[in-house]
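**Q** Okay, here's what each chain looks like letter by letter:
There are 2 protein chains.
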Amino acid sequence: MKKSLTINASRLHQRIQDMGKIGALPGGGVCRLALSKEDQTARDLFKQWCQDLHLKVLIDAVGNMLGVQEGSQPELPMVVTGSHLDSVATGGLFDGPLGVLAGLEALQTLQENGYDFKRSLAIANFTNEEGARFTPDMMGSLYIKKGISQQEIYAAQSIQAPHVSFESALQRIGYQGKNKLQDLPFHSFVELHIEQGPILEQENITIGVVEKVQGIYWTEFHLKGVANHAGTTPMHLRHDAGYVAAEIATLARKISQQFAGQVATVGMMQFSPNLINVVPQEVVFTVDLRNTNHDLLEQAYQSLITQAQELANKEGVTLVAKSLVQFAPVDFDAGIIDKVEHNAQNLGYTTRRMPSGAGHDAQMMAAICPTSMIFVPSVAGISHNVKEFTHPAHIEAGTNVLLGVIQELLEE
Amino acid sequence: MKKSLTINASRLHQRIQDMGKIGALPGGGVCRLALSKEDQTARDLFKQWCQDLHLKVLIDAVGNMLGVQEGSQPELPMVVTGSHLDSVATGGLFDGPLGVLAGLEALQTLQENGYDFKRSLAIANFTNEEGARFTPDMMGSLYIKKGISQQEIYAAQSIQAPHVSFESALQRIGYQGKNKLQDLPFHSFVELHIEQGPILEQENITIGVVEKVQGIYWTEFHLKGVANHAGTTPMHLRHDAGYVAAEIATLARKISQQFAGQVATVGMMQFSPNLINVVPQEVVFTVDLRNTNHDLLEQAYQSLITQAQELANKEGVTLVAKSLVQFAPVDFDAGIIDKVEHNAQNLGYTTRRMPSGAGHDAQMMAAICPTSMIFVPSVAGISHNVKEFTHPAHIEAGTNVLLGVIQELLEE
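Heads up: the sequence lines are chains L and Y, in that order.
At position 143 of the first sequence the residue is numbered 126 (the numbering used here), and the sequence of numbers has no breaks.
At position 9 of the second sequence the residue is numbered -8 (the numbering used here), and the sequence of numbers has no breaks.
Careful, some of the hints might be misleading.
A pair counts as met if it fits within one copy or between any two copies, since identical chains are not told apart.
[Unchecked claim] Capping the alpha-carbon separation at 35 Å, the derived lysine-lysine pairs in DSBU-like fashion look like this:
hint	residue 1	residue 2
1	305	370
2	207	129
3	4	30
4	101	20
5	163	128
6	207	237
7	101	39
8	207	195
9	195	297
10	207	4
11	207	370
12	163	129
13	237	297
14	237	4
15	297	370
Please keep in mind that the hints were generated in silico from the structure rather than gathered at the bench.
Only chain L is shown next, with the shape it has when bound in the complex:
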């Protein structure tokens, strides 16, 4: 067994810090919304680093970027790693950039050790993974798996400024490319990411071996009752949209307890007219349901919809349930899952097989080629927050595992 290569942790650390200066917020963290000026600067820096390593930079019609180390047999499908450089409005330094820059670090380590590339190795920066400026999220990787048309993406409007289209924003930053990444032959995809949850830290484990991504159902409920005086309207004559919303929110919690592995969140709730002494006339709220088991997720969803309708009927309130998102769970490739696990264990790291609770570009890539992910711990499980943090030792561990997996994939 040959000695494992190891990455240059301080160089990677420096790149993460340098990237974190772009769109830096005064109190820490970053704001680097997709296709913003800050995203442009981040892309420029990534492109520069790719060129410094003599990679060929390919860009497609929606701004997805690939930095490609061509192998001696370029006809072989390429190994791909990477993630995204965009952030939410108050994001951290790791969600996204870690996967891109760790990929670059692994590639550079191979170069420095005189690795003989037969297959090509590519580092991906996918456009608009967060969906914080344009919906849907995971837009760039969804486009690569041909799950959304270029036309549909171009027409997407900025959440913050509805007159700004994706197309105009992309043109303004100069990242509308001509390469057809959709048609490239991909051998495999592996993505290093922070967990964004508390499990690895709580169990004191270094490497999460990601087996699957939870399915996600987002439903928006719109309830319409009758606004009435809070003092003069007898209880039995009320059609209180707020009361029904509260009942459905507690129902969502009950459903999360009835189905194995089910999580349920009511994150958004808007009362109208929202006055202390008026029975609420309208309420809009959302339910986020996730499960790694598609059947259970579907049952939980049906149970929610059926019982919510009963609650609304009982109060004489009309209910419209609009499905915003229905992603089925995604199973990753058993072969790559094994590679992640044994590489981590060979390097002496503790491991745990787990699902991903959040959505990632890897779930889109899984439709095209064998795919899996590597998770490293998030301090206190905090993410999408300027306080997001992952210890340097965990970043180093995760990147070494990534390097090992890439090597094995390149040699297939």
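Fit chain Y to the known structure of chain L by using the hints.
**A** For chain Y alone, kept in the frame of chain L given last:
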């Protein structure tokens, strides 16, 4: 038994319509916030009508107005009727003005019939009953019963424009008077008002004989949990402020069913950060509890607070409950209640004894002198709404009852 006098319904109708033009909204209804330009114009019109009837117009330091028909024995305590001319931002033509203008109509009818006033009769327009621009509501009548100081009222800031004080707004409209209405001797107070609820209409009754005003407890709950990712945070590790808010809102409904005559409303609810895929970190919401029985109201309140705290503890969410308002129920005077009832029945109207669900100036006046109210039906129970409506026949009936009650009071 002498023949009853009857009011001039078309003259009253015309005054209601003329008053409704002041602050009229394009789609119907009015916006006549306290001490606004529109309120000034309404006061000017009321003053003009008083002067046309040779009434003496008294104004106190907070803008309360009394149009006084002096009797031949001015040392006798005066009979007072009236209500308010201010409205909520999207109000109707009846909530408030009906009581003022019906009082004026009753007085004019007495004048026209050569009534020999021994006691004085006064028509009141109380300042800021609605509390829609300055809090608290029922401010002018609260001042007359010496429940709030002039200083406190002057310092009140506009809800819409916090740099505008009550004092500056009052001065701007020129209704800062020098009469000490607080020190006048009041014999009795009776107020005609629309029901603002559905009961009279549903039971097909013309006159509500108001026995009491419900006690009102307003509580603001502030819950603080932990914001977390909706996908990656296991249910048992959550501190979900939104879930606890929903449980407390359903608890409020349960409590309304446990205590006789209890109503409970959660009208205002604010999630933060209010995002579909983030466990809510903070929620602010209100509970409005009302009951005509003070003991039961207090028990309902204690039950709510205790159980809300248990729900918060269970989820690991901190709860702060802030009492915004605690008005005890007010019982009206048995003698005046009887007068309302038999005057209505003598005129051939159907009657029903009932509590007031809403707050009114009469509940403040009840602390100073014998007081009661007359209710007329609200179509569909709608009020605080541009669609507020009461049939002319009901307005005529209520005003004739008011006239009869006033006559009896004047003759005491």
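**Q** Going through the numbered hints above, which ones does this structure break? Give me the numbers in ascending order.
**A** Of the numbered hints given earlier, those the structure breaks are 2, 4, 14, listed in rising order.
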